[in-house]
Amino acid sequence: GAVVSQHPSWVICKSGTSVKIECRSLDFQATTMFWYRQFPKQSLMLMATSNEGSKATYEQGVEKDKFLINHASLTLSTLTVTSAHPEDSSFYICSAISGSRSYEQYFGPGTRLTVT
Amino acid sequence: SQQGEEDPQALSIQEGENATMNCSYKTSINNLQWYRQNSGRGLVHLILIRSNEREKHSGRLRVTLDTSKKSSSLLITASRAADTASYFCATDLSASGTYKYIFGTGTRLKVLA
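One line per chain: the protein sequences are S and R, in this order.
In terms of our numbering, the first sequence has 30 at position 30, counting the first letter as 1, and numbering is strictly consecutive.
In terms of our numbering, the second sequence has 95 at position 95, counting the first letter as 1, and numbering is strictly consecutive.
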């Protein structure tokens, strides 16, 4: 089956620093990747849609200058949380779809970010 | 918000019993998917049901869809302790022309051994 990985699986950073999270599709080419965030005991909230080679589309209320998304290749998308604050602490999950089976999203295992 | 609502928010049952979770949504859809999430982990795809389907089975899972009521249900039969997890429905935004999905609020299922 399709596998999506995320790196790192967890990260602790100090307030004011930037953190980069990688999302890779390991055995398929991902035409589109999605980034979600999830607070404890809550649902996933879509942050942005990322298409290879083009700018990401952000959901309403998501600051594009704070959450920088780059989808440089068909197998890699990155999310950079800039000038992180404690309220950015969350579980970040990416998903990817391939062109051939576009209705099914394959999810990464998630990255837990803690900002101190 | 277009986010779907799920009920119950939490469900606790004994092993061997059936668990039913419901999902309601607001907009027209092409399909609806159910996912499972173990604590602190990523999501696992369970089943997809298209808007022209009314019922679908996969092992111990049974999903129904009522587009007139904009609702779906997930039934897990003969539950096991390993079924303990959070379950989410996700609906596509057919009108948007994208492959975006909106997730429901989720049901936290606990199966007691």
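Simulated from the structure, these hints should not be mistaken for lab results.
Quantities reported herein were computed from a predicted structural model and do not represent experimental measurements.
Treat the hints with care, since some could be wrong.
[Unchecked claim] Label pairs and their in silico Cβ distance ranges: (1) Gly16(R) <-> Thr82(S): 45 to 53 Å; (2) Asp65(S) <-> Gln14(R): 48 to 56 Å; (3) Val44(R) <-> Lys41(S): 13 to 21 Å; (4) Ser18(S) <-> Val44(R): 26 to 34 Å; (5) Arg60(R) <-> Cys13(S): 23 to 31 Å; (6) Gln42(S) <-> Lys26(R): 17 to 25 Å; (7) His85(S) <-> Ala10(R): 40 to 48 Å; (8) Gln14(R) <-> Cys13(S): 42 to 50 Å; (9) Ser73(S) <-> Leu112(R): 41 to 49 Å; (10) His57(R) <-> Leu76(S): 32 to 40 Å; (11) Ser18(S) <-> Ser68(R): 43 to 51 Å; (12) Ala113(R) <-> Thr82(S): 42 to 50 Å; (13) Ile12(S) <-> Ala10(R): 38 to 46 Å.
[To be verified] Residues on chain S that point at chain R, a partial pick, calculated with CB under 7 Å: (14) Gln29; (15) Pro40; (16) Leu44; (17) Phe107; (18) Gly108.
Glycine included, every Cβ here is placed at the ideal spot set by N, Cα and C.
- Any hints from earlier that this structure breaks? Give me their numbers in increasing order, please. Checked against the structure, the hints that fail are numbers 5, 7, 13, 14, 15, while the rest are satisfied.
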